[in-house]
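> Each protein sequence line maps, in turn, to chains W and D. Note that this note's numbering gives residue 111 to position 111 of the first sequence, counting from 1, and the numbers run on in steps of one. Note that this note's numbering gives residue 7 to position 7 of the second sequence, counting from 1, and the numbers run on in steps of one.
Rather than coming from a laboratory, the hints here were simulated on the basis of the structure. Just so it is clear, CB atoms sit at the ideal spot from N, CA and C, and this is done for glycine as well. Careful, some of the hints might be misleading.
Non-contacting residues of chain W with respect to chain D, defined by C-beta distances greater than 10 Å in every case (computed) [said to hold, decoys possible]:
id : residue
1  : Ser-15
2  : Lys-20
3  : Thr-82
4  : Glu-110
Chain D side only, calculated, beta carbon under 7 Å to chain W, not exhaustive [as the list claims (entries may be wrong)]:
id : residue
5  : Leu-44
6  : Lys-100
7  : Phe-103
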Amino acid sequence: GAVVSQHPSRVICKSGTSVKIECRSLDFQATTMFWYRQFPKQSLMLMATSNEGSKATYEQGVEKDKFLINHASLTLSTLTVTSAHPEDSSFYICSARDVAGVSGELFFGEGSRLTVL
Amino acid sequence: AQSVTQPDIHITVSEGASLELRCNYSYGATPYLFWYVQSPGQGLQLLLKYFSGDTLVQGIKGFEAEFKRSQSSFNLRKPSVHWSDAAEYFCAVASRGYNKLIFGAGTRLAVHP
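Isolated chain W (complex conformation) (with noise of 0.2 Å):
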């Protein structure tokens, strides 16, 4: 099947600090990309759609200039945790759709482990 990848899986970060976690589709183009963020021993919660060459779309409740979205290529979008504090601690799981593909199926990254001292 199709391969995200998501680099660093895991980062800690001084509070205050910015933080980039990109999310690549390896071996297929997506013109729209997902950032989840999933607490412990919670559910993803969707934070944003990244779509290629244009403006995200932040869900409600989720702070456009607190997560920073470019989707600059129809193989990468990155996500910046700008200011980190602690309560950004947490896993992010960027989500890429084959638009190729047969049922345009969503595919995973490993997710990137955020810990903000």
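Put chain D on the given structure of chain W with help from the hints.
Below, chain D alone, put in the same frame as chain W:
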């Protein structure tokens, strides 16, 4: 608004026993339905999906799920559980426009030897 309910937060079964994980959804029309599995610290893997057609769907790893429109349910089943099936299971729903997935709270499965 779409929503997904997984009533069981945690289930424990013995290896070799049968398994059924419950999922109910709320949606105005027939949605797309999915089951995903997540191992600790990992991403999600698709087990199976229902878009249309036969309401009994076969997936990977011996899992199956049945879409019951009258009950708004999409329960996941496996006849004989293996220790490697211990993980978190998420039911998800998407609109026919397939814009985004809405996930249930998840069910954590533990398997006793």
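> Would you mind marking each hint as holding or not holding in the structure?
Hint check results:
1. Ser-15: 23 Å, holds
2. Lys-20: Given that every Cβ of chain D is farther than 10 Å from that of W:Lys-20, nearest at about 19 Å, it holds.
3. Thr-82: About 23 Å separates W:Thr-82 from the closest Cβ of chain D, which puts it past 10 Å; holds.
4. Glu-110: 4 Å, violated
5. Leu-44: Holds: closest Cβ of chain W sits about 4 Å from D:Leu-44, inside 7 Å.
6. Lys-100: Holds, about 6 Å.
7. Phe-103: 5 Å, holds
The structure shown violates just one earlier hint, number 4.
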